[in-house]
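Visitor: Assemble the whole structure, with the sequences as input and the hints as a guide.
Here the protein sequences line up with chains A and B, keeping their order. Take the first sequence: its letter number 114 is residue 114 in my numbering, and every next letter is one higher. Take the second sequence: its letter number 390 is residue 390 in my numbering, and every next letter is one higher.
Treat the hints as calculated values from the structure; they're not laboratory data. Heads up, a few of these hints could be off.
[Said to hold, decoys possible] Derived pair list, reagent style SDA-like, types lysine to any residue, alpha-carbon separation capped at 20 Å:
| id | chain 1 | residue 1 | chain 2 | residue 2 |
| --- | --- | --- | --- | --- |
| 1 | A | K113 | A | L69 |
| 2 | B | K10 | A | K60 |
| 3 | A | K113 | B | K409 |
| 4 | A | K113 | A | I59 |
| 5 | B | K409 | B | R481 |
| 6 | A | K60 | B | K41 |
| 7 | A | K113 | B | M32 |
| 8 | B | K41 | A | M97 |
| 9 | A | K113 | B | G106 |
| 10 | A | K112 | B | K409 |
| 11 | B | K10 | A | G114 |
| 12 | B | K41 | A | V105 |
| 13 | A | K113 | B | K10 |
[Unchecked claim] Label-pair restraints from in silico Cβ distances:
| id | chain 1 | residue 1 | chain 2 | residue 2 | range |
| --- | --- | --- | --- | --- | --- |
| 14 | B | N302 | A | L116 | 21 to 31 Å |
| 15 | A | V83 | B | G189 | 24 to 34 Å |
| 16 | B | S71 | A | P32 | 53 to 63 Å |
The structure presented is a predicted model; accordingly, all values stated were derived computationally and were not measured. Think of the CB as a built atom: it goes at the ideal place given N, C-alpha and C, for glycine as much as any other residue.
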Amino acid sequence: MMLSQYVPVLFIIGLGIFFAVFAVVASRLLGPRRINPAKASPYECGMITLGPTHQAIPIKYYIIAMLFLVFDLEVVFLYPWAVIFRTLGVFGFVEMMIFIFILLVGFIYIWKKGALEWE
Amino acid sequence: MEFFQVQFSKADLLVVAPELVLAGFALLILLMSAFIRSERKGFLGYTALVGVIVAFVSLYWEMGIEASAFSDMVRIDPFSLFFKVMILIIVLLTVLISLAYVKREGIDFGEYYVLVFFAAVGMMLMASGANLLIIFLGLEVMSISIYILAGIMRDDVRSVEAAFKYFLLGAFASAFLLYGIALTYASTGTLDLGGIGRILAERTWINGLPILITGLALLIVGFGFKIALVPFHMWTPDVYEGAPTSVTAFMATGVKAAGFAAFVRVFFFALPSLQPYWTEIMWGLAVATMTVGNIIALSQDNIKRMLAYSSIAHAGYILVAFVAGNELGQSSILFYLLAYCFMNLGAFTVVILLGKKGEENTLISDYAGLGFGHPLLAVAMAIFMFSLAGVPPTAGFMAKFYVFSAAVKANYYWLAVIGVLNSAVAAYYYLRVLIYMYFREPEKELTIGGFSPAAVLAVIISVWGVLHIGILPSAFLSLARRSIEFLL
Chain A
1 MMLSQYVPVL FIIGLGIFFA VFAVVASRLL GPRRINPAKA SPYECGMITL
51 GPTHQAIPIK YYIIAMLFLV FDLEVVFLYP WAVIFRTLGV FGFVEMMIFI
101 FILLVGFIYI WKKGALEWE
Chain B
1 MEFFQVQFSK ADLLVVAPEL VLAGFALLIL LMSAFIRSER KGFLGYTALV
51 GVIVAFVSLY WEMGIEASAF SDMVRIDPFS LFFKVMILII VLLTVLISLA
101 YVKREGIDFG EYYVLVFFAA VGMMLMASGA NLLIIFLGLE VMSISIYILA
151 GIMRDDVRSV EAAFKYFLLG AFASAFLLYG IALTYASTGT LDLGGIGRIL
201 AERTWINGLP ILITGLALLI VGFGFKIALV PFHMWTPDVY EGAPTSVTAF
251 MATGVKAAGF AAFVRVFFFA LPSLQPYWTE IMWGLAVATM TVGNIIALSQ
301 DNIKRMLAYS SIAHAGYILV AFVAGNELGQ SSILFYLLAY CFMNLGAFTV
351 VILLGKKGEE NTLISDYAGL GFGHPLLAVA MAIFMFSLAG VPPTAGFMAK
401 FYVFSAAVKA NYYWLAVIGV LNSAVAAYYY LRVLIYMYFR EPEKELTIGG
451 FSPAAVLAVI ISVWGVLHIG ILPSAFLSLA RRSIEFLL
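Guide: This is the structure in structure tokens:
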């Protein structure tokens, strides 16, 4: 009866479990493992801090944050588009492709200009 | 789900064809600037030149069409066509004068042309927007590009100061404009300019008149900031002086033209029923703008600051035509803007040609003896100064003549008298440049840093424009009249 409507949900759950297991297993099989004391400790998080931790954040972080905001907003626009994808039809598809293309140009530009390089 | 059925056709794209061309070229130049080797950067400017010419060609298909597109958001009609042509002329001249200037000042980034193009797209949307939101969007696209352009000389303290000052005050003014739009929407229930006009014309009483009047006042503040009316002019001299001169030329003409385009369309097309309320405010603003602009310009020693105050004064003259509001007044707004864009761009181009890296030569005393050292440039400068002062047979004279006769026809005798007195005062500081050029011994050797054929071409086009409009004004006036009469 109505349960057949939930097949896609079941499918998504299965896909999710599969992907999670796959990622963990694959990284275990493929990734190199060099254990040191800091890594092996519980609640390991990055390196052991050297010196005071209250420091000014480099301005580079500002650029990364700003760029993140732009592409995050792109995703925000993609969600409602996906919801009404069928009703918008070809027009919506083309329009969204133009929108993504403009952001892609910006992405190539910032990449080439080195805004994404940390050092 | 009816809402999502977007009405869309190829004709819609035609309506925004020049905007699309400019935006496309802006993206192309942006990509090129990332990949091109630094010694071949000069290529970017020529690509920009090609972009402007293609945009001109795309306008050819728009001629004579009257249509609206994108659910009545954007219109193409004689009015927007007039301003699109004018904005493209401004962009063309700006690119021409920038080719050598940006190299000289070390700001030859591709981003420079990209931002000029995006600003031009915003200006065109302001001129063709049939909805308050599109006008606001165009204004923001234009403003944000120009904030960056003003500060593009990152090592120059004055340029950064100009950008920061313009940004802070401009953001504030945008908020005023947006609030005005919100209050207009609150009392009429629509953002469509035609719809607002119909609602205001049909109702004998208006729901929430005080709200609408408040919105009207905020709209005047928002537009008044962009076109530099007194008392919203405080940013103008500092920003014009600090920004790179080519950007100053661009914003003195382009921003003003686009601001007036939106101003005229909103007030004469959507809010004509409120004319009794705004005429007196405009009367006061016109008098204040003309007088303050001209009187402070008298004491300026820096030619960029002087031209900044002169641009304030010219906004005041245009506002006189706005107050008159009759047929001649409305056409003379367009006529004046066209004349102003040629004479002002021309004057700034001469200023650029006389400077070199690290030595801008922007003091009026630097121009001493120019008439003997560089006679042709001095003649061109003299023509622009005569035109700005309003001496026949130049475009500036005819523009002032039409504006003041419109004021007289509409029985605003005092306004015309104040305007004429103001132009007499203004003659002093324009002619002072001439006196320095022809009657003073040179204080130092003026060497033209890097002779630029493109900038000389821009001067020639401007001289041609000033003289052609001044000698044969009737063709341009009837063009201006045809462009605006359908709005009435």
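Visitor: Hint by hint, say whether it matches the structure.
Guide: Results of checking the hints against the structure:
no., hint, verdict
1, A:K113 - A:L69, "holds, 18 Å"
2, B:K10 - A:K60, "violated, 44 Å"
3, A:K113 - B:K409, "violated, 59 Å"
4, A:K113 - A:I59, "holds, 17 Å"
5, B:K409 - B:R481, "holds, 16 Å"
6, A:K60 - B:K41, "violated, 27 Å"
7, A:K113 - B:M32, "holds, 11 Å"
8, B:K41 - A:M97, "violated, 30 Å"
9, A:K113 - B:G106, "holds, 18 Å"
10, A:K112 - B:K409, "violated, 61 Å"
11, B:K10 - A:G114, "violated, 39 Å"
12, B:K41 - A:V105, "holds, 19 Å"
13, A:K113 - B:K10, "violated, 36 Å"
14, B:N302 - A:L116: 21 to 31 Å, "violated, 42 Å"
15, A:V83 - B:G189: 24 to 34 Å, "holds, 28 Å"
16, B:S71 - A:P32: 53 to 63 Å, "holds, 58 Å"
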